[in-house]
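**Student:** Read top to bottom, the protein sequences are chains D and W. The first sequence begins at 1 in this note's numbering and counts up one residue at a time. The second sequence begins at 1 in this note's numbering and counts up one residue at a time.
If you're looking for bench data, these hints aren't it; they were derived computationally from the structure. Please note: incorrect hints may appear among the correct ones.
Heads up, incomplete: computed chain D residues facing chain W, CB under 10 Å, no partners named [said to hold, decoys possible]:
no., residue
1, 77
2, 78
3, 80
4, 81
5, 144
6, 153
All C-beta atoms in this analysis are idealised placements derived from N, C-alpha and C, irrespective of residue type, glycine included.
Protein chains: 2
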Amino acid sequence: MPKVSADHLLARRRQILTGARAAFARHGYEGATVRVLEDGIGLSRGAIFHHFPDKESLFLALAVEDAEEMAATVARQGLVQVMRDLITAPDAGWLGTQLEVSRRLRTDPVFRHGWQSRTEAIAAATRARLIRQRDAGVLRADVEIDVLAGYLALVLEGLVSHLAAGLPVGHLAEVLDLVEGSVRAR
Amino acid sequence: MPKVSADHLLARRRQILTGARAAFARHGYEGATVRVLEDGIGLSRGAIFHHFPDKESLFLALAVEDAEEMAATVARQGLVQVMRDLITAPDAGWLGTQLEVSRRLRTDPVFRHGWQSRTEAIAAATRARLIRQRDAGVLRADVEIDVLAGYLALVLEGLVSHLAAGLPVGHLAEVLDLVEGSVRAR
């Protein structure tokens, strides 16, 4: 494939994903009809579904992208940093996707099963970073790694739910200081 | 009104609320059609809507009941105990109602405004208990009460979301020990 064409393909794909993300965040998955997607993306349904077989594939591509990016951020900077970024500039698109993933985990056993490897990849990245931090002596040593990882994951779930509900950021920066302090070596 | 009749009325009301709670938890608010409610409650729509004007009022009665009970438990035993009870015996009915309340807080500005006093009552009960605990010297003194309250509320939001997604309880008991330890005086 000539290079220009591959670049064009990637740019088109990016345009579709970005527009779809905003549409899902604003209207929810169900509410983002094909018509709404066309308006949000700025392309006809023909053009959109040339790149993705259907709306479902479009959503899954976003969810997978987010899960991979999150695992990478966790590996580099840790889960608390993911949370700090979230309260500094809540990303409506990311929150919208996360909420739909949560809803499906709750209501759709097939999705839950298929998504397991994604959840595990993020959990593994969290664990790996915690182990490195423990080896470096910055993490408290009196609580098991799995418990610390479960704790951080629970706070993140709460944060996603809180921000997605449009509740105020309020004292959340100080709350995250407390969370970080409570996993650190004394 | 003769006493027998008042007792009967209360028992009927209780039967309707209990059946509706289970139906909302299993089918979601939208999925709990009038037909589903009739089956779950064991009464005809005529009998049900003699006690509650409509499905919406039925749901609100449950949500208000839960919010009041939660504020009372918090005042007596604290928010961490609410969470411990939740992982010991997750109450599908309570979780179902909480999830629908969360969904509406997110998507329905009128509901969000109307519900504010409920949210504030639980927050006030949490604060009042934390102040009593600080006065008793069992709470850490280096973090503001509002931050501690926000922290506990965030963990509870995460826990509701986690359990409602059917995710395993796993290490959550130890996680709550960590949470409790992190607000306690050293």
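**Student:** Are there hints from earlier that the structure breaks, and if so, what are their numbers?
**Tutor:** 1, 2, 3, 4
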